[in-house]
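Starting from the given sequences, assemble the full structure and let the hints guide the process.
There are 4 protein chains.
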Amino acid sequence: MSNVFGNLLKLSIFGDSHGKAMGGILDGCIPNLSIDEKQLEYEMQRRKSGTDFFSSSRKETDRFELLSGIRNRKTTGGPIGFVIHNAAAKSEDYNGLDNLFRPSHADFTYYAKYGTTESAGKLQASGRIFAPVVLAGGIAKQMLAQSGISIYAFVRQIGTVSLDKPYTSIDQKAIESSPVRCPDKHISDKMLQLLKKIKKEGDSTGGIITCVISGCPAGVGDPVFDKLQAKLAQAMFSINAVKGFEYGSGFSSAAMTGSTHNDPFIIKHNRLRTATNHSGGIQGGISNGEDIYFNVAFKPVPGIQQKQKTIDRNAHTVEFVTGGKHDICFVPRAVPVVEAMSALVMADSFLMHLAYAE
Amino acid sequence: MSNVFGNLLKLSIFGDSHGKAMGGILDGCIPNLSIDEKQLEYEMQRRKSGTDFFSSSRKETDRFELLSGIRNRKTTGGPIGFVIHNAAAKSEDYNGLDNLFRPSHADFTYYAKYGTTESAGKLQASGRIFAPVVLAGGIAKQMLAQSGISIYAFVRQIGTVSLDKPYTSIDQKAIESSPVRCPDKHISDKMLQLLKKIKKEGDSTGGIITCVISGCPAGVGDPVFDKLQAKLAQAMFSINAVKGFEYGSGFSSAAMTGSTHNDPFIIKHNRLRTATNHSGGIQGGISNGEDIYFNVAFKPVPGIQQKQKTIDRNAHTVEFVTGGKHDICFVPRAVPVVEAMSALVMADSFLMHLAYAE
Amino acid sequence: MSNVFGNLLKLSIFGDSHGKAMGGILDGCIPNLSIDEKQLEYEMQRRKSGTDFFSSSRKETDRFELLSGIRNRKTTGGPIGFVIHNAAAKSEDYNGLDNLFRPSHADFTYYAKYGTTESAGKLQASGRIFAPVVLAGGIAKQMLAQSGISIYAFVRQIGTVSLDKPYTSIDQKAIESSPVRCPDKHISDKMLQLLKKIKKEGDSTGGIITCVISGCPAGVGDPVFDKLQAKLAQAMFSINAVKGFEYGSGFSSAAMTGSTHNDPFIIKHNRLRTATNHSGGIQGGISNGEDIYFNVAFKPVPGIQQKQKTIDRNAHTVEFVTGGKHDICFVPRAVPVVEAMSALVMADSFLMHLAYAE
Amino acid sequence: MSNVFGNLLKLSIFGDSHGKAMGGILDGCIPNLSIDEKQLEYEMQRRKSGTDFFSSSRKETDRFELLSGIRNRKTTGGPIGFVIHNAAAKSEDYNGLDNLFRPSHADFTYYAKYGTTESAGKLQASGRIFAPVVLAGGIAKQMLAQSGISIYAFVRQIGTVSLDKPYTSIDQKAIESSPVRCPDKHISDKMLQLLKKIKKEGDSTGGIITCVISGCPAGVGDPVFDKLQAKLAQAMFSINAVKGFEYGSGFSSAAMTGSTHNDPFIIKHNRLRTATNHSGGIQGGISNGEDIYFNVAFKPVPGIQQKQKTIDRNAHTVEFVTGGKHDICFVPRAVPVVEAMSALVMADSFLMHLAYAE
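Residue numbers (the numbering used here), protein chains in the order written: chain P, 47 to 404; chain H, 47 to 404; chain W, 47 to 404; chain A, 47 to 404.
Where hints are given, some of them may not hold.
[Said to hold, decoys possible] Straight line, CA to CA, 25 Å or less: simulated SDA-like cross-link-like pairs of lysine to any residue: (1) W/Lys355 - A/Ser101; (2) P/Lys66 - A/Thr107; (3) A/Lys66 - P/Glu83; (4) W/Lys355 - A/Thr107; (5) H/Lys66 - W/Lys355; (6) H/Lys66 - W/Asn118; (7) W/Lys314 - A/Asn360; (8) W/Lys355 - A/Asn323; (9) W/Lys353 - A/Ile312; (10) H/Lys66 - W/Lys84.
Worth flagging that the hints you see were computed from the coordinates, not collected in a lab. In this text the structure is predicted, and so the values were computed from the model without any measurement.
Dropping the structure here:
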């Protein structure tokens with residue numbers, strides 16, 4: 047009841063972090079869409095670990111196979127099934143932990159819910175579960191691109207270091223050249239320094255990602271329970287470790303007044319626009335043609351290289367150090383995940399929009 | 047496609063702000079639940095306007111009729127249908143506005159989506175659409191109470207005035223005695239002063255609500271796309287004017303380290319507990335038995351008593367002053383709405399939990 | 047979990063047969079559709095009882111009120127909420143029956159499911175629950191008419207009397223002039239004679255309805271689980287007392303051979319057609335542009351004017367005669383219900399079709 | 047929008063008949079259920095082709111791999127992902143047919159819907175798409191068995207030869223020893239003779255399957271749109287080539303009277319039972335504790351070894367003989383498919399039942 051997402055464009059996923067393979071089914075894609083597999087490989091590559099000092103040293107190949115729904119590089123309209131092989135599956139990394147409730151992990155809650163005898167890290171609580179999401183989101187991006195809608199995200203904050211500029215004044219092309227996906231060279235360097243210090247301390251940290259959706263026409267989204275922001279929020283909180291979401295003016299709007307917060311309508315280049323965009327491109331749950339943008343906050347990785355005390359399944363107090371190959375900060379690797387979930391929401395909403403377009 | 051909410055406990059709503067009546071259908075309620083109608087009236091009363099200087103002077107009676115699904119004060123298990131009469135419907139208030147795209151309202155986006163010839167304020171973009179939600183949420187609360195789960199919310203911030211205390215140190219009983227639903231007398235007074243000033247200026251402001259869910263057992267919620275926080279986030283962003291949502295440590299977690307953020311497990315009174323609750327009662331999308339708590343940020347009311355320029359449907363620039371009877375700040379009135387949406391999510395998730403309980 | 051129907055065009059209904067009112071919400075209708083209320087009244091009138099010797103003598107006014115979603119006779123795009131008043135509610139008719147499990151009624155199964163203390167006849171098991179469906183289906187019909195799709199049904203069999211002609215050789219205009227909605231005068235008369243005899247015996251009988259959907263373009267419907275016939279079948283078995291459904295060649299196809307059953311493609315008036323239509327207008331779950339037609343079988347009304355033995359809630363054997371005002375045969379009154387459910391399926395499928403049309 | 051089935055127990059499937067692999071994801075299975083893989087292999091084996099003269103000579107190995115959701119032979123509660131390898135994929139069989147609209151196939155409707163350039167036989171219209179369904183249904187059967195619910199089906203009719211006995215007088219153990227899955231030796235032999243004759247003529251035929259669900263407690267199912275029979279009907283019409291469905295007394299009930307059709311309640315072995323079972327174990331959409339039984343009619347295989355005329359994509363009349371390796375009659379092979387779809391419906395409905403059980 048938890049592994050299917052979307053209304054018209056429906057993604058179902060499966061996979062344990064330490065099983066043979068993960069995968070998914072993307073149902074409801076438009077037919078005759080050209081699929082660029084190289085681009086999908088690039089998206090998968092962006093999420094992969096093992097290349098930076100602050101990421102898990104676990105080597106994931108994330109090699110995927112598209113098994114149906116695509117012929118001669120075009121979608122058939124049928125469900126797109128795919129698997130992602132778990133080359134690096136090493137469940138021995140978790141040996142000795144199955145019995146522990148690691149702090150701020152899902153071990154205890156999975157145990158309470160499922161009563162299974164293994165660590166939640168081996169099950170669906172792993173961040174790897176988002177590899178299929180990135181692949182499906184990559185297909186959704188290609189579908190959206192055809193209608194002129196594009197999506198990008200970048201790292202705005204890591205731990206105590208943050209980029210205090212609106213997204214409109216950053217250089218989108220600089221994102222991927224930063225190891226932490228922060229497009230400001232100076233801030234990016236400070237972030238790397240902070241991460242080195244945190245690594246030395248055997249600790250971890252969190253961060254904030256900003257995501258921008260451009261080119262969405264006015265009229266996409268629905269009133270009340272399917273507001274565009276409600277679907278985006280649900281999508282973002284599906285991602286592990288997300289603790290906050292705000293769009294447009296977000297939390298800061300609470301302290302503003304109507305007269306300063308309202309976005310005046312203007313005519314620009316013969317098109318209706320707003321002079322400011324506190325609304326974040328959405329009014330009444332429906333896109334207004336301006337950029338849609340939002341922030342997503344991530345908590346620190348709970349697995350740290352310091353001794354921690356906790357309780358095991360026999361209610362004994364135990365001391366342990368996290369094994370496995372954990373990230374110091376997975377926020378940079380979460381950038382393509384944020385984009386993928388956004389793409390799935392937008393493609394789904396766009397299809398719904400088409401059903402009612404004249 | 048936007049007026050049905052929930053999986054097992056399903057709420058469908060209808061109503062235009064200025065039509066004859068609003069209403070809803072709550073399907074999937076457990077049978078033989080005693081319904082306290084007085085308590086439902088009290089919830090409706092809490093959302094009503096017309097009693098405070100900072101609320102719309104529109105007199106809503108919000109008289110409701112339960113039409114099915116309840117016999118002899120007990121649920122039958124069938125759908126609970128209800129209507130709420132629109133005594134104060136005065137669509138003339140909007141005369142002359144139908145042609146305008148009011149700034150930061152849904153006029154333009156509704157026009158782009160539906161091409162209707164009337165102001166969005168007369169349609170589903172009105173906050174009144176949440177009257178049926180409060181009624182249904184009241185029933186969900188009574189269902190949850192039977193399982194020991196309770197929900198309350200209070201105002202943490204109005205405009206620039208905020209209450210900087212954790213929810214654990216406030217007096218829950220003081221909430222309803224404050225006109226702005228802020229349980230700290232001193233801060234509540236400051237908020238009222240601010241609102242008076244803003245009213246004098248013909249302006250409006252936003253705020254932040256904190257909501258707390260107590261008594262939820264461990265194991266409620268689902269992994270990945272139906273994480274408890276994802277469902278709560280979707281529910282909150284369904285509410286008009288919500289711009290931000292964070293649970294537990296929220297946005298502040300981004301700057302923390304794993305060693306300070308992790309919630310150590312302890313044994314207390316023979317029960318597994320966490321020493322701190324940065325997790326906000328949810329780990330891996332599933333409740334851990336601690337309080338679930340979150341903040342919801344609201345933007346300022348867009349309707350203000352100042353002259354504003356905007357564009358009309360003929361692309362002409364026009365100047366106008368908002369008519370109608372608008373709130374200076376609807377955050378205090380949004381408290382029961384936040385509780386109601388939370389109750390619907392929790393009751394739905396709890397039913398799902400029961401399907402898999404042994 | 048049982049009172050919401052459809053994906054894009056979603057109908058939620060409520061109502062107990064003997065409560066104050068019934069009603070529903072139709073969400074997802076296209077905006078700016080002209081609504082002919084007279085036509086809706088006509089549809090409601092067709093389902094009503096009390097006019098024929100073989101129908102329940104209960105006088106239902108079935109007066110409805112449209113409460114939202116329609117302004118100036120056009121849909122706004124928002125949910126259409128409506129109530130239908132229960133003028134004839136007389137729950138005393140059921141006095142003394144609450145304790146009985148009437149044979150082939152839902153009394154026992156409702157009791158097993160809900161544990162409620164009243165007869166199922168007062169709850170959702172009543173056929174009156176389909177009054178809201180007929181209203182909503184009437185709106186769906188008007189939506190379909192705009193795209194050239196029309197729907198009609200007629201009575202093919204009542205008890206042992208049946209009309210053994212293909213639908214293509216009947217006169218559609220003669221349906222409503224027959225009291226039993228059978229377009230063949232001779233057969234219609236024989237049906238009336240049979241019903242008189244059955245009434246005299248204090249008994250009841252069943253029948254078969256044929257429904258025809260014309261004008262549906264090729265390409266509507268989906269493979270596998272949302273095949274057009276699967277959605278129509280679910281819709282028909284939602285109707286009380288339906289025991290069988292077959293489309294196109296139906297059950298008789300089992301005995302045929304491929305060479306006689308296959309529908310050859312031909313070109314006719316410059317359009318691709320099939321020479322025969324055993325396929326019933328659907329191939330692989332998707333419409334092929336030919337008429338969609340199907341049969342729906344109804345069991346006899348279980349309430350009869352003869353003494354029956356049964357068991358009560360205390361496991362005692364009791365003898366009783368059905369009270370209330372039951373039909374001898376409700377098949378003629380089920381004709382508009384079959385049409386309405388078909389219209390809801392077709393309008394929903396057609397919207398889905400539009401989402402993917404170029 | 048067509049490849050996901052179920053509410054709580056949700057099956058998503060993918061696969062083209064002639065692609066690399068098919069597969070599925072079964073989400074919502076209870077945790078800690080012991081899975082017997084040998085039994086799953088047996089179910090898959092039952093659906094396989096290539097063993098009988100009347101089945102396609104295509105050799106399918108239908109080797110499956112369970113990729114997630116099962117550890118140490120027990121379900122984890124997470125989604126069960128699996129693939130089924132297409133050893134025999136030979137898309138050359140379809141060479142020359144891509145351009146044709148074969149009569150009573152889905153070629154034309156798939157073309158109208160998707161505009162793809164290949165034969166529908168290569169896409170989702172193939173019966174092989176039900177291999178994943180049989181696997182998932184096998185898991186659902188094991189889940190149901192744990193609650194005492196069992197399901198079996200048999201062939202009642204092939205072409206003009208039919209078994210005219212109630213299911214209660216057949217020997218369930220004789221089903222699998224008949225090559226056509228008809229438990230009556232005499233009728234089974236006659237069916238085989240008929241099939242030999244039809245094969246010689248290069249023709250094909252249809253048939254009828256009876257399915258029986260035993261051990262379901264009273265109270266499973268929901269009123270109105272989710273009636274148990276409505277969900278079963280939808281499930282059956284999802285299966286390719288199904289043209290009719292009837293449960294209990296089915297179509298024959300139309301000619302009966304209430305006094306003969308009603309099932310009297312009795313007390314037997316201290317349990318409430320019905321003396322007859324025309325109701326087919328369901329009253330008001332909810333199980334009554336008796337056997338649930340129904341018939342499913344299949345049309346003849348459209349692919350025959352005779353010359354047929356048809357139209358191609360260029361609107362030319364062409365003559366052709368079906369290539370590929372088609373069945374003369376696939377009804378015997380559809381028996382496990384009918385059981386599997388029934389198992390998915392019952393397991394889903396049973397979980398829903400548990401959500402509301404006290």
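Give me the numbers of the hints this structure contradicts, sorted from smallest to largest. 1, 4 and 5
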